Amino acid sequence: MIIIDILSWICLILGSILCIIGGLGLLRLPDFYSRLHGGGITDSLGAGLILIGLMFQSGLTMVTVKLAMILIVLFITSPTSTHALGKAALISGLKPVVTDEHID
Amino acid sequence: MFIAAMIGILVTMALALCRALLGPTVYDRILSVNMFGTKTVLFIAVLEFLTGRPDFLDLALIYVLINFIGTLAVLKFVRYNDLGAEPEE
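Quick mapping for you: the protein sequence lines, in order, are chains H and Y. Letter by letter, the first sequence follows residues 298 to 401 of this note's numbering. Letter by letter, the second sequence follows residues 93 to 181 of this note's numbering.
One or more hints might be untrue.
Covered by chain Y, according to a simulated footprint, are these stretches of chain H (three or more residues, beta-carbon under 8 Å) [what the hints assert, rightly or not]: (1) 308 to 314; (2) 325 to 339; (3) 353 to 366; (4) 371 to 382; (5) 390 to 396.
No wet-lab data here; the hints were simulated from the structure. Please read these numbers as outputs of a predicted model, since none were measured by experiment. Glycine included, each C-beta is placed from N, C-alpha and C at the ideal position.
Kindly produce the complete structure, drawing on both the sequences and the hints.
Okay, here's the thing in C-alpha cells:
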C-alpha cells in the first residue's frame, strides 16, 4: 500500500512540475509557434501524469473508470485542438520568427 | 499531497491568464484559454479527491468536451466571422 502511495505522489508532483514548466514556456517563449509547444506539454504529459497519480489513489472503483475516460478523451481532443490552432494561424498568414544566427 | 498538486495547477492557470491578457495575436489568447480549460479539468479532478465528493468527475468529463468544441467554434468564428459558414477549399 505504501508503494502505491509513493508512486502516486511521484506522479502528482512530476505532473505539477511539468504543468508549471509548460506555463512558464507559454509566458516566456518568443513567438506563437513555440508557445504552441509550451502549451502542448501541459496538455499531454502534465495532465496525463496528474490523472494517473489520482488513479493510483482511487484503486479499482468507478472513479478510476471515470478518470480513464477523462484521460482518453483528453488525449484525443487536446492534440486535435492544438493542430487546428496551428493550422488556422498558418492559414491566416502568421509568420514564424526565424533568426539567422542559428542556421549553419 | 493533493494540496501541492492543486497549488501547481493554480500557478499554471495564473501563468496562462497572464499570457491571455498580454498576447499580441488572437491565437495566443485562444491557446491560453484552451490550456486554462484543460487545467480547470485537472483542478476539478484534484478537488474531488481533496473534498471527498465523488460526483465532481462527471463535471470534469463534460468540461473536456465543452472545452474542445468551444475552441473549435472560436477558431471558426475568428476565421470566417460566421459560425454557419461553409468551409472554402
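Which of the numbered hints above does this structure break?
As far as the earlier hints go, only 5 is violated by this structure.
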